[in-house]
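Top to bottom, those sequences are chains A and B.
The number in our numbering is simply the position in the first sequence, starting from 1, with 6 added.
The number in our numbering is simply the position in the second sequence, starting from 1, with 20 added.
Please note: incorrect hints may appear among the correct ones.
As the list claims (entries may be wrong) - No more than 30 Å apart at the CA atoms, straight line, and that leaves these computed lysine-lysine pairs for DSSO-like:
1) A:Lys23 to B:Lys277
2) A:Lys9 to B:Lys99
3) B:Lys160 to A:Lys45
4) A:Lys45 to A:Lys75
5) B:Lys160 to A:Lys30
6) B:Lys160 to A:Lys23
7) A:Lys50 to A:Lys62
8) A:Lys45 to B:Lys99
9) B:Lys277 to A:Lys62
10) B:Lys350 to B:Lys277
11) A:Lys9 to A:Lys50
12) A:Lys25 to A:Lys62
13) A:Lys25 to A:Lys75
Unchecked claim - Stretch-level coverage of chain A by chain B, calculated; a stretch enters the list once three of its residues show a Cβ under 8 Å from a Cβ in chain B:
14) 16-23
15) 50-61
Worth flagging that the hints you see were computed from the coordinates, not collected in a lab.
Glycine included, every Cβ here is placed at the ideal spot set by N, Cα and C.
Below, each chain spelled out in residue letters.
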Amino acid sequence: MEKVDVRGLSCPMPVIKTKKLMDKGVRELLVVGTSSVSKENVSKLARTSGYQVTMKEDDKNEWEMELRK
Amino acid sequence: MDRTKWFVLSVGLIIGAIAVALVKLGNPPNMGFCIACFERDIAGAIGLHRAGVVQYMRPEIIGMVLGALLASLFAGEFKSRGGSATLVRFILGVFMMIGALVFLGCPLRDVLRMAGGDYNAVVAFIGFVFGVGTGVFFLKRGFNLGRAEYSHSQAGGFVLPLIMAFFLFILLKATVFNPDAGGPLFFSAEGPGSMFAPLAFSLGAGLLVGILAQRVRLCLSGGIRDFMLIRDNTLLLGFIGIFVGALLLNIAFGFFKTGFAPQPVAHTMHLWNFLGLYLVGLTATLLGGCPLRQLILSGEGDTDAATVVVGMIVGAAICHNFMFASGAMKVADGVVASSGGPGIYGQIACIVGIVVVAAIGFAFQED
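One chain only, chain A, in its complex shape:
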């Protein structure tokens, strides 16, 4: 599973970094981030791209989600 670390990155960097791997055909991703805006945007991108989103961790200051296709 490929890991994408988008902690501390502002909009739209988290989405771009995740999308780059999706475009390479990666089917399993672990995305780690901090802001709630990036959490919303990455999960939205994942759903529209046909990935299943599983939140592994959803704390106030950090989140972690698994994306599978």
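Chain A is already provided as a structure; the job is to place chain B on it using the hints.
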């Protein structure tokens, strides 16, 4: 269309309608809200520039920062953070203001001007789209200003909101330090700075828009950027909502007048309308948000965005002190007496801005 999209569209409609209501209550024409113009007025109010016609402590700006602060505190989203190429963001803020004042408005005012029938704003809008497109080119190449760090203390995030609260205090207190020269606040006796809605309305409107924009993450450059990058139209719906809301109320109040001239606080130099908002679109995309979004983020504890806001205020002072800002067309007896536009220094500053911001776009390529 899902619930989020309806919410964003509704917020856009409300903001557009509030903007026109503020014009009805006294704000300058097609300027219910203008983040750049109002930050410029604040720069004048605290004496950073001496353009006598654009000085007022705009409560809308204060309200937006404090509204975003309240909304983010209630939502548990307030987090003090910063440290992502802070000085570069400051410089980008300065250039974003130069672009906005060459055009005479931020992207929000561009939408409001289009909704008032100002064709010059359509020219500028095309420039804005190209600017965002250029920003997207840099993003795709790997542009990144770097990570922000969360602070162990929330104190830093309160600095800009506290400064805004202090501005509100001195506006309400109305103390004059120097009876001859004025200050600490300076107020325009004529021109756009002398036109404002009653304080309670402008502050209330700012608070409401600050809360709403924080909740839906409204961003005008973001709307176009997301559509270009990932074909997501959510934020674009906010853009469309503002346009439709303002258009309907402009027609209802009889403010809607189509044409290039005469138009209020506008100029007809097409190239510079285009390039002014091109620079804003490019800069906003590299910064991750338009002037409105930077204001909202600064209320959420983002000190990098607060630095952009300060950069824009300083940029406004530079614009007026060094004659970069465009002049507005002058109309006498319904006839256009002068078409306005930027002088040679403003034109050079705009081009230099595009070159410098593009250089930053290349220099911060990550991979």
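Of the hints given before, which are not true for this structure? Violated hints (numbers, rising): 1 and 9; every other hint is consistent with the structure.
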